[in-house]
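Quick note, the sequences are listed as chains W and V, same order.
Add 5 to a position in the first sequence, counting from 1, and you land on the number used in our numbering.
Add 11 to a position in the second sequence, counting from 1, and you land on the number used in our numbering.
Keep in mind that the hints were calculated from the coordinates and are not lab data.
Among the hints, a few may not be true.
Said to hold, decoys possible - Covered stretches of chain V, going by a simulated chain W footprint (3 or more residues, C-beta under 8 angstroms):
1) 53 to 59
2) 119 to 127
Said to hold, decoys possible - Over 12 angstroms on every C-beta distance to chain W, these chain V residues come out as not near it, computed from the model:
3) Q17
4) V100
5) E116
Stated by the list, open to error - Here are the simulated SDA-like cross-link-like pairs (lysine to any residue), alpha carbons at most 20 angstroms apart as the crow flies:
6) W:K107 x V:G53
7) V:K79 x W:R102
8) W:K107 x V:K79
9) V:K35 x W:S46
10) W:K57 x V:S98
11) W:K57 x V:G53
12) W:K107 x V:R52
13) W:K8 x V:G53
14) W:K57 x V:M71
15) W:K8 x V:E121
16) W:K107 x V:P72
17) W:K107 x V:L57
18) V:K35 x W:R50
19) W:K8 x W:Q47
20) W:K107 x V:N61
21) W:K8 x V:K35
22) V:K35 x V:N61
23) W:K107 x V:E55
24) W:K59 x W:R102
25) W:K107 x V:R96
26) W:K8 x V:R124
27) W:K8 x V:E55
28) W:K8 x V:Q48
29) W:K59 x V:K79
30) W:K107 x V:S107
31) W:K8 x V:M51
32) W:K59 x V:E116
33) W:K107 x V:T49
34) W:K8 x V:R96
35) V:K35 x V:S107
36) W:K8 x W:S46
37) W:K8 x V:R52
38) W:K107 x V:K35
39) V:K35 x W:V23
40) W:K107 x V:G70
Just so we're clear, the structure is a prediction, and the values are computed from it rather than from any experiment.
C-beta: ideal position from N, C-alpha, C; glycine also.
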Amino acid sequence: LAKTTQPISMDSYEGQEVNITCSHNNIATNDYITWYQQFPSQGPRFIIQGYKTKVTNEVASLFIPADRKSSTLSLPRVSLSDTAVYYCLVVHYGNNRLAFGKGNQVVVIP
Amino acid sequence: DAGVIQSPRHEVTEMGQEVTLRCKPISGHDYLFWYRQTMMRGLELLIYFNNNVPIDDSGMPEDRFSAKMPNASFSTLKIQPSEPRDSAVYFCASSSLAGDVETGELFFGEGSRLTVL
Chain W
6 LAKTTQPISM DSYEGQEVNI TCSHNNIATN DYITWYQQFP SQGPRFIIQG YKTKVTNEVA
66 SLFIPADRKS STLSLPRVSL SDTAVYYCLV VHYGNNRLAF GKGNQVVVIP
Chain V
12 DAGVIQSPRH EVTEMGQEVT LRCKPISGHD YLFWYRQTMM RGLELLIYFN NNVPIDDSGM
72 PEDRFSAKMP NASFSTLKIQ PSEPRDSAVY FCASSSLAGD VETGELFFGE GSRLTVL
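Isolated chain V (complex conformation) (with noise of 0.2 angstroms):
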């Protein structure tokens, strides 16, 4: 299995900008989560799904951000618009109902660092 991809694995972009993080979760897992990692917060859950549906945005910091899982092989998380405090690595991961997700092992991906000027 190829893992839970994530892009860009980089990103540099001007304040003001959307910034768009894209993440393909393991295939045949149906629980997909977004996290945000930086020195101040660690790493903090942002938002999951279950099944392509959100369930529990409580961590999105706010309106500018943004995720959807229109289908159960894609994700994206969106930033709009971007400013410099949202400078982070930026984590997807999945799990799967058959008993991960319940003993807490998720499969993280290689996370997409931003950088917004």
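If we strip away everything but chain W, and leave its shape as in the complex, we get (with noise of 0.2 angstroms):
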């Protein structure tokens, strides 16, 4: 499985659009790039999931570049309830077997 890093935490004030990275530079030509939030006391939910260019949906956008080494999920105008942990994850298609690590912290300021 392709290793990933992201940030551990990171602050934006309420209102911002906030732009979270990842890095998976071992990424395969079947894996996808996935991301789900975690709400504290809550099971992680799947946001997104890309393969390259750009994907969007109702809640946020995912930047994939050419070289697809890296991603960006980008949260528009983010509330307070979008503080949550965010998990890059890079899923091998047909392999059942994802790593979800520690994630990041993102905490929304008023």
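Relying on the hints, combine the two individually framed chains into one complex.
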């Protein structure tokens, strides 16, 4: 499995756009980049997934450069309720062993 | 759908006692996963099942831990005897063969917080 590297934590002010980066230098051809969000006292939940370029849904956007060795999760205009741990995972197609690690603690400040 | 249901939500026990955590996956999901979360190690995969059969238990820390899935709607994670270092939040997750598992979308329960004194 390709290893991912994320910052441990970051703070942001309410209303700002938050960009969370993830490095995955050893990503393979059949790997997808997947992000999860975990609120306090809850299990993680799937946010978004992409293979290359840009993916957008109602929650976030995911930017993946051409070499796919990194990705950036973008949360537009965060609110206090976006305070959570964000996990970047590399998912090998057909492999169910997802490695979450410690994630990135994002704290939104009023 | 009720989602993945775990019980108990909280358990406090003394060292040496047996602990049993329970999970009901989403109906129709054929993959079930057990994870453990601690501050030190983050979220770790312990074991997962496909169609009630254990596929990968390499994450199970030691023989004190065991997991079973007697049918498609129920799984248990047992710790016997429990130790203080087993204190953690244990999550169960499920997924469907019809695409979710291949794209990495797992559906998690709310977790069971275990404290071993």
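Just pull the numbers of the violated hints for me, sorted ascending. 3, 4, 5, 8, 10, 11, 14, 15, 19, 20, 21, 24, 26, 29, 30, 34, 36, 38, 39
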